[in-house]
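Each residue of the sequence shown is one higher than the one before, counting from 1 in my numbering.
Hints should not be assumed to be uniformly reliable.
DEER-style ranges, computed between Cβ atoms [to be verified]: (1) 50 x 16: 34 to 40 Å; (2) 20 x 49: 21 to 27 Å; (3) 45 x 19: 33 to 39 Å; (4) 11 x 44: 38 to 44 Å; (5) 50 x 17: 34 to 40 Å; (6) 13 x 42: 26 to 32 Å; (7) 21 x 49: 36 to 42 Å; (8) 19 x 39: 24 to 30 Å; (9) 18 x 50: 26 to 32 Å; (10) 34 x 13: 22 to 28 Å; (11) 17 x 45: 21 to 27 Å; (12) 15 x 50: 19 to 25 Å; (13) 36 x 11: 33 to 39 Å; (14) 42 x 14: 23 to 29 Å.
These are computed hints drawn from the structure, not numbers from a lab.
Cβ coordinates follow ideal geometry from the N, Cα and C atoms, glycine included.
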Amino acid sequence: MPHDAPFEHSGMSPSGHPYRPDNDEPLSYWQCMEIAMRELLIEKGVTTAE
Numbered sequence: 001m002p003h004d005a006p007f008e009h010s011g012m013s014p015s016g017h018p019y020r021p022d023n024d025e026p027l028s029y030w031q032c033m034e035i036a037m038r039e040l041l042i043e044k045g046v047t048t049a050e
């Protein structure tokens, strides 16, 4: 009966942890660099997107 207790899950992620607030600031230089490198490695066939 672990799931029979009335418990409100609003505001909780599927893992049971609260959601983090949105990060609405612009990407940093290093975040842009990581995205560019990842896309380049996928395009060149060095790695896959999965």
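Each hint tested on the structure:
For residue 50 and residue 16, the hinted distance range of 34 to 40 Å is not satisfied, since their beta carbons lie about 26 Å from each other. For residue 20 and residue 49, the Cβ-Cβ distance of about 24 Å falls inside the hinted range of 21 to 27 Å, so the restraint holds. For residue 45 and residue 19, the Cβ-Cβ distance of about 36 Å falls inside the hinted range of 33 to 39 Å, so the restraint holds. In this structure the supplied range 38 to 44 Å holds for residue 11 paired with residue 44, their Cβ-Cβ distance being about 42 Å.
At about 25 Å, the CB distance of residue 50 to residue 17 disagrees with the hint of 34 to 40 Å. Range check, residue 13 to residue 42: Cβ separation about 28 Å, and the 26 to 32 Å hint holds. Our hint of 36 to 42 Å for residue 21 and residue 49 is violated, since their Cβ atoms are close to 28 Å apart. Under the hint 24 to 30 Å, the C-beta atoms of residue 19 and residue 39, about 27 Å apart, fit the expected range.
The hinted range of 26 to 32 Å is satisfied by residue 18 and residue 50, whose Cβ atoms lie roughly 28 Å apart. Between residue 34 and residue 13 the Cβ separation comes to about 24 Å, which falls inside the hinted range of 22 to 28 Å. Remark: the range hint 21 to 27 Å for residue 17 to residue 45 is contradicted by a beta-carbon distance near 36 Å. For residue 15 paired with residue 50, a C-beta distance near 21 Å keeps the hint of 19 to 25 Å intact.
As the Cβ distance of residue 36 to residue 11 is approximately 35 Å, the hint placing it in 33 to 39 Å holds. The hint said 23 to 29 Å for the Cβ distance between residue 42 and residue 14, and at roughly 28 Å that hint holds.
Of the hints listed earlier, those the structure fails to meet are numbers 1, 5, 7, 11, in rising order.
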